[in-house]
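Number of protein chains: 2
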Amino acid sequence: MPVRDGNKMGIPKGVINRLPLYYRYLAELARQEVEKVSSSELGEALGLTAAQIRSDLSYFGSFGQHGYGYRVDELYNQISSILGLDRAYNLILIGAGNLGKAIASYQNFRNRGFEIKAIFDNDPLLEGKYLSGCIIQPIDKLTEYLANNPVDIAVITTPREVAQDVCNQVIAGGVKAIWNFAPVRLQVPEGVVLEHIHLTNSLLRLSFKMKHSDKIKD
Amino acid sequence: MPVRDGNKMGIPKGVINRLPLYYRYLAELARQEVEKVSSSELGEALGLTAAQIRSDLSYFGSFGQHGYGYRVDELYNQISSILGLDRAYNLILIGAGNLGKAIASYQNFRNRGFEIKAIFDNDPLLEGKYLSGCIIQPIDKLTEYLANNPVDIAVITTPREVAQDVCNQVIAGGVKAIWNFAPVRLQVPEGVVLEHIHLTNSLLRLSFKMKHSDKIKD
Numbered sequence: 010m011p012v013r014d015g016n017k018m019g020i021p022k023g024v025i026n027r028l029p030l031y032y033r034y035l036a037e038l039a040r041q042e043v044e045k046v047s048s049s050e051l052g053e054a055l056g057l058t059a060a061q062i063r064s065d066l067s068y069f070g071s072f073g074q075h076g077y078g079y080r081v082d083e084l085y086n087q088i089s090s091i092l093g094l095d096r097a098y099n100l101i102l103i104g105a106g107n108l109g110k111a112i113a114s115y116q117n118f119r120n121r122g123f124e125i126k127a128i129f130d131n132d133p134l135l136e137g138k139y140l141s142g143c144i145i146q147p148i149d150k151l152t153e154y155l156a157n158n159p160v161d162i163a164v165i166t167t168p169r170e171v172a173q174d175v176c177n178q179v180i181a182g183g184v185k186a187i188w189n190f191a192p193v194r195l196q197v198p199e200g201v202v203l204e205h206i207h208l209t210n211s212l213l214r215l216s217f218k219m220k221h222s223d224k225i226k227d
Numbered sequence: 010m011p012v013r014d015g016n017k018m019g020i021p022k023g024v025i026n027r028l029p030l031y032y033r034y035l036a037e038l039a040r041q042e043v044e045k046v047s048s049s050e051l052g053e054a055l056g057l058t059a060a061q062i063r064s065d066l067s068y069f070g071s072f073g074q075h076g077y078g079y080r081v082d083e084l085y086n087q088i089s090s091i092l093g094l095d096r097a098y099n100l101i102l103i104g105a106g107n108l109g110k111a112i113a114s115y116q117n118f119r120n121r122g123f124e125i126k127a128i129f130d131n132d133p134l135l136e137g138k139y140l141s142g143c144i145i146q147p148i149d150k151l152t153e154y155l156a157n158n159p160v161d162i163a164v165i166t167t168p169r170e171v172a173q174d175v176c177n178q179v180i181a182g183g184v185k186a187i188w189n190f191a192p193v194r195l196q197v198p199e200g201v202v203l204e205h206i207h208l209t210n211s212l213l214r215l216s217f218k219m220k221h222s223d224k225i226k227d
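So the sequence lines, in the order shown, correspond to chains A and B. Going by the working numbering, the first residue of the first sequence is number 10, and it counts up by one from there. Going by the working numbering, the first residue of the second sequence is number 10, and it counts up by one from there.
Please keep in mind that the hints were generated in silico from the structure rather than gathered at the bench. A couple of the hints might just be wrong.
Pairs count within a copy or across copies, as identical chains cannot be separated in the list.
Straight-line distance between alpha carbons at most 20 Å, and here's what the computed SDA-like set of lysine to any residue pairs gives [claimed, not checked]:
1. K220 to L203
2. K220 to R119
3. K220 to V197
4. K45 to G73
5. K22 to L55
6. K220 to E124
7. K22 to Q61
8. K220 to H205
9. K22 to L208
10. K220 to V160
11. K22 to I206
12. K22 to H205
13. K45 to E83
14. K22 to G56
15. K22 to T58
16. K126 to N99
17. K45 to Q61
In this text, all values refer to a predicted model and were calculated from it rather than measured experimentally.
Here chain A stands alone, though its shape is the one from the complex:
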């Protein structure tokens, strides 16, 4: 397979970005008890071509049948599994400011198996307070916590100045996945995966679209 977007084994970023769309749309169809769906129908609902959908799915195996399409429940389960949603994840959150509070109280994640197990902050005024069922712990308890509890994902909602330090600390404690909300490009070693919510980039895309709205349709 070709190497694209700096991606070793050829799963293009566009495919990874579209999988959650497929997943959520199939979840909706399953809720409506729809039994089957064609790639054209999927495409129409999601603003993509049937060929693109077939091409995206081909990275992960062979799905559906010619002339029939896909069984909704089957494809939903397969995409869930591709996305890693066939298991539960233990999360910790570091940074209990406004953004941390917003993330901690966001129930959508918990419903999909992502559970925040502990919350840390360096503000002594927050210590011992409850947030979404967790006691806020001082940041100097983080290493001890990691030594004694399995953690799959660290959510970083600290100010930018301390984000890399916090990131290094959780990686030293064995965490292999970082979900970063701090406005800084974190450095992580090989074998650690990183996903970054970058608010400024999103706002710049919006101003780009405003300026070029005659040339863009999405």
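On the provided structure of chain A, position chain B as indicated by the hints.
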């Protein structure tokens, strides 16, 4: 130009996603008083190929000189202008919960010319309180505000149940750009641009990367 990613005039989404990276890296070089940069140097710093950078920029005109590269200040100004950062924007924010508070207090936007001018919420307990220099106004003042004040961008940080209603209301009031944080796919008419921060999609990309980390490198 080819039609790609549902994009009428051929500016691929990948290009739009990379422009903010170029912009921020050039800003950093300009701060360090670096005078020129080649596409190879840009590429190395950003994990892209020189050819990709030249191809991305070619959508917007002719930049740099063969054998010289780019003047940092010139390219920075050109990309700022492409991104629409050669003007200021008036924002309003609807939804003053934790996420709204986090957005309102995020200074990075203001420094780039995006200023929150008014904040609305339907919680009577929040009415009249100050948030980042704005008085929180009741949501039923929104239409009146839009009739009397120029607004470029509406930031929606409401619960999902009311997000589409709020979106319809600001569009009826003449707003042409929506920055949506509510976990719902908003419908907007032709001529209105939309940018969506989708937390769940981001978390699903992270779990995908965890499962396929042997096949992914980014």
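Verification of the supplied hints:
When the C-alpha separation of K220 and L203 is checked against a cutoff of 20 Å, the pair qualifies only between copies, where the shortest distance is 13 Å, while the shortest distance within a copy is 31 Å. Taking the closest pair of Cα atoms, K220 and R119 come within 20 Å of each other only across two copies (19 Å); inside a single copy the shortest separation is 38 Å, beyond that limit. Taking the shortest Cα distances, K220 and V197 sit within 20 Å of each other only across copies (17 Å), while inside one copy they are farther apart (35 Å). Taking the shortest Cα distances, K45 and G73 sit within 20 Å of each other inside one copy (10 Å), while across copies they are farther apart (53 Å).
In this assembly of identical chains, K22 and L55 lie within 20 Å of each other by CA distance both inside one copy and across copies; the values are 17 Å within and 16 Å between. For the homomeric pair K220 and E124, the shortest alpha-carbon distance between copies (17 Å) is at most 20 Å, but the shortest distance inside one copy (40 Å) is not. Taking the closest pair of Cα atoms, K22 and Q61 come within 20 Å of each other both inside a single copy (14 Å) and across two copies (15 Å). Taking CA atoms no more than 20 Å apart as the test, K220 paired with H205 passes between copies only; the shortest distance there is 17 Å, against 25 Å inside one copy.
Both within a single protomer and between protomers do K22 and L208 lie at most 20 Å apart by alpha-carbon distance, with minima of 19 Å and 17 Å respectively. Only between protomers do K220 and V160 lie at most 20 Å apart by alpha-carbon distance; the minimum there is 15 Å, versus 43 Å within a single protomer. In the homo-oligomer, the alpha carbons of K22 and I206 lie at most 20 Å apart both inside one protomer (15 Å) and across protomers (17 Å), since each shortest distance falls under that limit. With identical chains, the CA atoms of K22 and H205 are at most 20 Å apart both within one copy (14 Å) and between copies (18 Å).
For the identical chains of this complex, K45 and E83 are intra-copy neighbours only, at 9 Å inside a copy versus 54 Å across copies, given an alpha-carbon limit of 20 Å. Taking the shortest alpha-carbon separations for K22 and G56, both the intra-copy value of 18 Å and the inter-copy value of 14 Å come in at or below 20 Å. Proximity of K22 to T58 under the C-alpha cut-off of 20 Å is found in both arrangements, the shortest distances being 17 Å within a copy and 16 Å between copies. When the C-alpha separation of K126 and N99 is checked against a cutoff of 20 Å, the pair qualifies only within one copy, where the shortest distance is 6 Å, while the shortest distance between copies is 39 Å.
In this assembly of identical chains, K45 and Q61 lie within 20 Å of each other by CA distance solely inside one copy; the values are 19 Å within and 40 Å between copies.
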